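Novice: Line by line, the protein sequences give chains A and B. The opening residue of the first sequence carries number 1 in the working numbering; numbering runs sequentially from there. The opening residue of the second sequence carries number 1 in the working numbering; numbering runs sequentially from there.
Fair warning: there could be bad hints in the mix.
Pairs involving identical chains hold if they fit within one copy or between any two copies, as the list cannot separate such chains.
Under the rule of at most 20 Å between Cα atoms (straight-line distance), these lysine to any residue pairs were calculated in the SDA-like manner [said to hold, decoys possible]:
| hint | residue 1 | residue 2 |
| --- | --- | --- |
| 1 | 148 | 6 |
| 2 | 148 | 8 |
| 3 | 250 | 9 |
| 4 | 148 | 12 |
| 5 | 250 | 100 |
| 6 | 250 | 333 |
| 7 | 148 | 236 |
| 8 | 250 | 348 |
| 9 | 250 | 201 |
| 10 | 250 | 349 |
| 11 | 148 | 249 |
| 12 | 250 | 335 |
| 13 | 148 | 13 |
| 14 | 148 | 162 |
| 15 | 148 | 237 |
| 16 | 250 | 15 |
| 17 | 250 | 343 |
| 18 | 148 | 247 |
| 19 | 148 | 127 |
| 20 | 250 | 88 |
No lab work stands behind these hints: they were computed from the structure. Bear in mind the structure is a predicted one, so any value in this text is a computation, not a measurement.
2 protein chains.
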Amino acid sequence: MTTRWQVCASRPVDYAVIQAPQLFARDNPLLAEFGRGAGSRRFVVVDDAVQRLYGQRIRAWFQAHGIDARLVPFVGGEDNKTVYAWRALARQLENFPIHRRDEPILAIGGGVLTDVVAFLAATHRRGVPHIKIPTTLMGYVDAAIGIKCGVNFEGAKNRLGAFEPPLAVLLDAGFLASLPMRHLRNGMGEIVKLAVIRDAALFRALEVAGADSLATRFATAAGQHLLDTAVEGMLQELTPNLYEDELARKVDFGHTFSYGLEALHADRLLHGEAVLLDVLVSVAVASGRGLLPAGAAHRVFALVDALGLAPDIGLLSGEAMWAAVQDRILHRNGRQRIPMPTAIGECTFVDDIHPAELASAIPFLRARFQERHERTVEC
Amino acid sequence: MTTRWQVCASRPVDYAVIQAPQLFARDNPLLAEFGRGAGSRRFVVVDDAVQRLYGQRIRAWFQAHGIDARLVPFVGGEDNKTVYAWRALARQLENFPIHRRDEPILAIGGGVLTDVVAFLAATHRRGVPHIKIPTTLMGYVDAAIGIKCGVNFEGAKNRLGAFEPPLAVLLDAGFLASLPMRHLRNGMGEIVKLAVIRDAALFRALEVAGADSLATRFATAAGQHLLDTAVEGMLQELTPNLYEDELARKVDFGHTFSYGLEALHADRLLHGEAVLLDVLVSVAVASGRGLLPAGAAHRVFALVDALGLAPDIGLLSGEAMWAAVQDRILHRNGRQRIPMPTAIGECTFVDDIHPAELASAIPFLRARFQERHERTVEC
Numbered sequence: 001m002t003t004r005w006q007v008c009a010s011r012p013v014d015y016a017v018i019q020a021p022q023l024f025a026r027d028n029p030l031l032a033e034f035g036r037g038a039g040s041r042r043f044v045v046v047d048d049a050v051q052r053l054y055g056q057r058i059r060a061w062f063q064a065h066g067i068d069a070r071l072v073p074f075v076g077g078e079d080n081k082t083v084y085a086w087r088a089l090a091r092q093l094e095n096f097p098i099h100r101r102d103e104p105i106l107a108i109g110g111g112v113l114t115d116v117v118a119f120l121a122a123t124h125r126r127g128v129p130h131i132k133i134p135t136t137l138m139g140y141v142d143a144a145i146g147i148k149c150g151v152n153f154e155g156a157k158n159r160l161g162a163f164e165p166p167l168a169v170l171l172d173a174g175f176l177a178s179l180p181m182r183h184l185r186n187g188m189g190e191i192v193k194l195a196v197i198r199d200a201a202l203f204r205a206l207e208v209a210g211a212d213s214l215a216t217r218f219a220t221a222a223g224q225h226l227l228d229t230a231v232e233g234m235l236q237e238l239t240p241n242l243y244e245d246e247l248a249r250k251v252d253f254g255h256t257f258s259y260g261l262e263a264l265h266a267d268r269l270l271h272g273e274a275v276l277l278d279v280l281v282s283v284a285v286a287s288g289r290g291l292l293p294a295g296a297a298h299r300v301f302a303l304v305d306a307l308g309l310a311p312d313i314g315l316l317s318g319e320a321m322w323a324a325v326q327d328r329i330l331h332r333n334g335r336q337r338i339p340m341p342t343a344i345g346e347c348t349f350v351d352d353i354h355p356a357e358l359a360s361a362i363p364f365l366r367a368r369f370q371e372r373h374e375r376t377v378e379c
Numbered sequence: 001m002t003t004r005w006q007v008c009a010s011r012p013v014d015y016a017v018i019q020a021p022q023l024f025a026r027d028n029p030l031l032a033e034f035g036r037g038a039g040s041r042r043f044v045v046v047d048d049a050v051q052r053l054y055g056q057r058i059r060a061w062f063q064a065h066g067i068d069a070r071l072v073p074f075v076g077g078e079d080n081k082t083v084y085a086w087r088a089l090a091r092q093l094e095n096f097p098i099h100r101r102d103e104p105i106l107a108i109g110g111g112v113l114t115d116v117v118a119f120l121a122a123t124h125r126r127g128v129p130h131i132k133i134p135t136t137l138m139g140y141v142d143a144a145i146g147i148k149c150g151v152n153f154e155g156a157k158n159r160l161g162a163f164e165p166p167l168a169v170l171l172d173a174g175f176l177a178s179l180p181m182r183h184l185r186n187g188m189g190e191i192v193k194l195a196v197i198r199d200a201a202l203f204r205a206l207e208v209a210g211a212d213s214l215a216t217r218f219a220t221a222a223g224q225h226l227l228d229t230a231v232e233g234m235l236q237e238l239t240p241n242l243y244e245d246e247l248a249r250k251v252d253f254g255h256t257f258s259y260g261l262e263a264l265h266a267d268r269l270l271h272g273e274a275v276l277l278d279v280l281v282s283v284a285v286a287s288g289r290g291l292l293p294a295g296a297a298h299r300v301f302a303l304v305d306a307l308g309l310a311p312d313i314g315l316l317s318g319e320a321m322w323a324a325v326q327d328r329i330l331h332r333n334g335r336q337r338i339p340m341p342t343a344i345g346e347c348t349f350v351d352d353i354h355p356a357e358l359a360s361a362i363p364f365l366r367a368r369f370q371e372r373h374e375r376t377v378e379c
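So here's chain A without its partners, still in its complex pose:
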């Protein structure tokens, strides 16, 4: 007879994702709802470029609210998504100590910044609250609204990290006004991913208003509607499977082969650009297998053209994509579980992708995109 104790508990998750225009307007009280107010402190990590553009405005907000904020600049980009960057922030936090519960850490920046800062919050004293304020389209519709955080390690994306629910996510689309066009297109890669794999209505909205929304930086009603639909769809997918108990995830669409491409071309591909390449490869493979009707594949390609996303097909590598599949098999516990579209907004999961299929998608996509691109250039 063996003594055996069972430890049973449950940890509740409850956070808000809030549309927050003019978040740092001096009289906007929203941010003050989270954490202790006047006389308290905030450790605020801000994207370097964002600080140059909005630093004064951000400082003024904290001053107006009597909160002692330490603004810590951070240079974004995958290069800085490292153990070193996390440790450097942890060291700065030691020198600006905060209370464990009511002085949340703030992360103001793109997906890399919010991922690293959320990992800092997850690990400092085994977890202190944090608030994410995305300033890129990638952050707004994808990186900042979920609970995944972490850093790259040994050439593997997000290898060290945590699931850490934020205290809140505050979405101020005003930051998109100053975002470089390449980064707007980068975020559009994730929106296209979501539309193709789960949301035919979002896909149609992109066909109708996507290009104009990019051009106007989502400042129109149609642009805001696109953002809201993308956020809503992402949260619908994430919420019932927040800790990835189910390993077959629609939102992993675009996140299988892309891992190898990002590792291979760290200096040339943004995350959303790699995701878009993966989406195109997946569409080509699904079409080649007869899973996806040719008409649907053509609609995806046409949308990518219409949005001016100009994928760099020359960066595709069958070898790198196949290597990424091997790691994803470990990550998905022994099976490929690759989402493949079966119609616009519908999908299935497959476990039997072959390297030859990946290789043959490359010339197909080259013919479809590079030739068109060259024709466009010639015009």
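Guided by the hints, dock chain B onto chain A, whose structure is given.
Specialist: Here is chain B on its own, set in the frame of chain A:
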């Protein structure tokens, strides 16, 4: 009107702490209950000294069960509870990849080892399962049975870490047979802590059978009963407050002033030795305030003598202890929340400890312990 989404979910925790004598006896099937069996892999981090003594036996068990185990030696001790040690293990894990869900990482060793390895498991791919097998008394009754993990950072204990529930904790008291006596006494510091602050019955059991249990390395029925009572008491405290939502925690007894002493004397104090010093200071302060009757204080001191714990009172420093209080105030969100005994097995929490009280406890304890110690040495 602002759009606002609420993300609500709940993460269940459910793990077993199991008395597991003869865990690595070749025909013991217990460990095989956790994770996939024949043909699977295990990343097994083993205390260096434990590997020398039990490595062959451990290897033989995995061979007999057809599991490909990579035994990774790790040198324990607070010196190795670092970001570097965690990163080095993470690198080795990259070279012995495991499936994300059904190939749990094993941690076989003392409290430092299980804390670091659990942090590795918490952060690798945002969390993979792990099993803790403590080989020290400290691990058995304290470090291994909860969900806290992490590393020291910038001179602060456990500053970077996580709450990571294990898949299981397997308690094989057989490892205590080869544990150096100093480490047995070290673990006894935590048992005394628990007895004083919440468990008068455990305190009486220590008075009756504590010294003999140390001498026989807990191999008697009375020794096993002490272990079971300590584990049971610790789990009763931890389970309803697993994530420390309540910051006033009885099990923080002995864990306020000790942080400063451990930092100051990293090379001379084991964790349980520092905890015992904190317990004695707390008893002296509580007694000095009239919170704790003098008779109860004397019983604590007499028990410490009877167990031969020989606290090194010369290591006490009022300054270091007061500095630790400052950090604990941050950790306990703005208040001291220091547990203080009011009787054997009863306590209250105080917020108004003064540096002078800490300072005056030192000569009091010196008189009580060093003089006695010197008399003992002279005999």
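Novice: Next step is simple, just say for each hint if it's right about the structure.
Specialist: To see whether the hints hold, each was checked on the structure:
For the homomeric pair residue 148 and residue 6, the shortest alpha-carbon distance between copies (17 Å) is at most 20 Å, but the shortest distance inside one copy (28 Å) is not. Proximity of residue 148 and residue 8 under a CA criterion of 20 Å is satisfied inter-copy only: 15 Å between copies versus 24 Å inside one chain copy. Only between protomers do residue 250 and residue 9 lie at most 20 Å apart by alpha-carbon distance; the minimum there is 19 Å, versus 29 Å within a single protomer. For a Cα distance limit of 20 Å, the shortest separation of residue 148 from residue 12 qualifies both inside one copy, at 16 Å, and across copies, at 18 Å.
In the homo-oligomer, the alpha carbons of residue 250 and residue 100 lie at most 20 Å apart only across protomers (18 Å), although the nearest pairing inside one protomer, at 36 Å, exceeds that limit. For a Cα distance limit of 20 Å, the shortest separation of residue 250 from residue 333 inside one copy, 16 Å, qualifies, whereas the shortest one across copies, 40 Å, does not. Proximity of residue 148 to residue 236 under the C-alpha cut-off of 20 Å is restricted to the intra-copy arrangement: shortest distance 16 Å within a copy versus 31 Å between copies. When the C-alpha separation of residue 250 and residue 348 is checked against a cutoff of 20 Å, the pair qualifies only within one copy, where the shortest distance is 9 Å, while the shortest distance between copies is 52 Å.
For a Cα distance limit of 20 Å, the shortest separation of residue 250 from residue 201 inside one copy, 16 Å, qualifies, whereas the shortest one across copies, 55 Å, does not. For the homomeric pair residue 250 and residue 349, the shortest alpha-carbon distance inside one copy (8 Å) is at most 20 Å, but the shortest distance between copies (50 Å) is not. For the identical chains of this complex, residue 148 and residue 249 are intra-copy neighbours only, at 14 Å inside a copy versus 29 Å across copies, given an alpha-carbon limit of 20 Å. In this homomeric assembly, residue 250 and residue 335 come within 20 Å of each other (Cα to Cα) only inside a single copy, at 15 Å, whereas the closest approach across copies is 46 Å.
For the identical chains of this complex, residue 148 and residue 13 are neighbours both inside a copy (13 Å) and across copies (19 Å), given an alpha-carbon limit of 20 Å. Both within a single protomer and between protomers do residue 148 and residue 162 lie at most 20 Å apart by alpha-carbon distance, with minima of 6 Å and 14 Å respectively. In this assembly of identical chains, the alpha carbons of residue 148 and residue 237 lie at most 20 Å apart only when taken from the same copy (14 Å versus 30 Å across copies). Taking the shortest alpha-carbon separations for residue 250 and residue 15, neither the intra-copy value of 22 Å nor the inter-copy value of 30 Å comes in at or below 20 Å.
Proximity of residue 250 to residue 343 under the C-alpha cut-off of 20 Å is restricted to the intra-copy arrangement: shortest distance 13 Å within a copy versus 58 Å between copies. For the homomeric pair residue 148 and residue 247, the shortest alpha-carbon distance inside one copy (14 Å) is at most 20 Å, but the shortest distance between copies (26 Å) is not. Taking identical chains as interchangeable, the C-alpha atoms of residue 148 and residue 127 lie at most 20 Å apart whether they share a chain (14 Å) or sit on different chains (11 Å). In this assembly of identical chains, the alpha carbons of residue 250 and residue 88 never lie at most 20 Å apart, being 35 Å within a copy and 34 Å across copies at closest.
Hints 16 and 20 from the earlier list are contradicted by this structure; the remaining hints agree with it.
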